[in-house]
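Undergrad: For the record, in the sequence shown the residue sitting at position 62 is 124 according to this note's numbering, with numbers rising by one throughout.
Hints are computed from structural coordinates only; laboratory data are not their basis.
You may find that some hints are simply not true.
[To be verified] Ranges of calculated distance between the beta carbons of each label pair, as one might list FRET restraints:
| hint | residue 1 | residue 2 | range |
| --- | --- | --- | --- |
| 1 | Asp114 | Leu69 | 15 to 25 angstroms |
| 2 | Leu80 | Lys103 | 26 to 36 angstroms |
| 3 | Glu100 | Leu70 | 20 to 30 angstroms |
| 4 | Thr104 | Arg67 | 19 to 29 angstroms |
| 5 | Lys129 | Asp81 | 16 to 26 angstroms |
| 6 | Ala121 | Arg67 | 17 to 27 angstroms |
| 7 | Asp114 | Arg71 | 12 to 22 angstroms |
| 8 | Arg68 | Ala118 | 31 to 41 angstroms |
| 9 | Leu124 | His95 | 19 to 29 angstroms |
| 10 | Arg78 | Pro128 | 22 to 32 angstroms |
| 11 | Lys103 | Ala125 | 11 to 21 angstroms |
| 12 | Gln86 | Ala125 | 28 to 38 angstroms |
| 13 | Asn89 | Leu124 | 34 to 44 angstroms |
By construction, the Cβ of each residue, glycine as well, lies at the ideal position given by its N, Cα and C atoms.
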Amino acid sequence: IRLARRLLRDVRERGRTLDDVLAQYLNTVRPMHEQYVEVYKTEADILVSGMDSIQAEVAAVLAALPK
Numbered sequence: 063i064r065l066a067r068r069l070l071r072d073v074r075e076r077g078r079t080l081d082d083v084l085a086q087y088l089n090t091v092r093p094m095h096e097q098y099v100e101v102y103k104t105e106a107d108i109l110v111s112g113m114d115s116i117q118a119e120v121a122a123v124l125a126a127l128p129k
């Protein structure tokens with residue numbers, strides 16, 4: 063889903079080519095995600111997937127904050 067959203071956004075809004083977007087994703091975005099994000103998922107207090115409504119995501123983050 064992340065790649066599909068990026069493709070649509072970058073091609074439509076930024077005038078980039080499909081090949082450029084795919085190359086950036088495969089050469090930079092995905093490797094950096096795997097190196098800096100994926101490895102820390104098990105240590106996270108909360109995961110925000112982006113699949114729920116923004117209201118639900120914000121509510122989950124606020125609920126996880128110490129009071």
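Undergrad: Range hint 20 to 30 angstroms: satisfied by the CB atoms of Glu100 and Leu70?
TA: holds, 23 angstroms
Undergrad: Does the Cβ distance between Arg78 and Pro128 fall inside 22 to 32 angstroms?
TA: 42 angstroms Cβ-Cβ, so the 22 to 32 angstroms window is violated.
Undergrad: Measuring from beta carbon to beta carbon, are Lys103 and Ala125 in 11 to 21 angstroms?
TA: For Lys103 and Ala125 the Cβ distance comes to about 19 angstroms; the hint holds.
Undergrad: Does the Cβ pair Thr104, Arg67 satisfy 19 to 29 angstroms?
TA: holds, 25 angstroms
Undergrad: Does the Cβ-Cβ separation between Gln86 and Ala125 fall within 28 to 38 angstroms?
TA: holds, 35 angstroms
Undergrad: Does the Cβ pair Asn89, Leu124 satisfy 34 to 44 angstroms?
TA: holds, 36 angstroms
Undergrad: How does the Cβ-Cβ distance of Leu80 and Lys103 compare with 26 to 36 angstroms: does it lie in that range?
TA: holds, 29 angstroms
Undergrad: Given the hint of 12 to 22 angstroms, check if Asp114 and Arg71 actually sit that far apart at their C-beta atoms.
TA: Hint holds: Cβ distance 20 angstroms, inside 12 to 22 angstroms.
Undergrad: With respect to the beta-carbon atoms only, verify the hint that Leu124 and His95 lie 19 to 29 angstroms apart.
TA: holds, 25 angstroms
Undergrad: In this structure, is the beta-carbon distance linking Ala121 and Arg67 contained in 17 to 27 angstroms?
TA: Taking Cβ atoms as reference, Ala121 and Arg67 lie about 22 angstroms apart, which means the hint holds.
Undergrad: Are Lys129 and Asp81 spaced within 16 to 26 angstroms by their CB atoms?
TA: violated, 49 angstroms
Undergrad: For the hint 15 to 25 angstroms, verify it against the beta carbon of Asp114 and that of Leu69.
TA: The hinted range 15 to 25 angstroms holds for Asp114 and Leu69, with Cβ atoms some 22 angstroms apart.
Figure legend: structure checked against the earlier numbered hints; hints not met, in rising order: 5, 8, 10.
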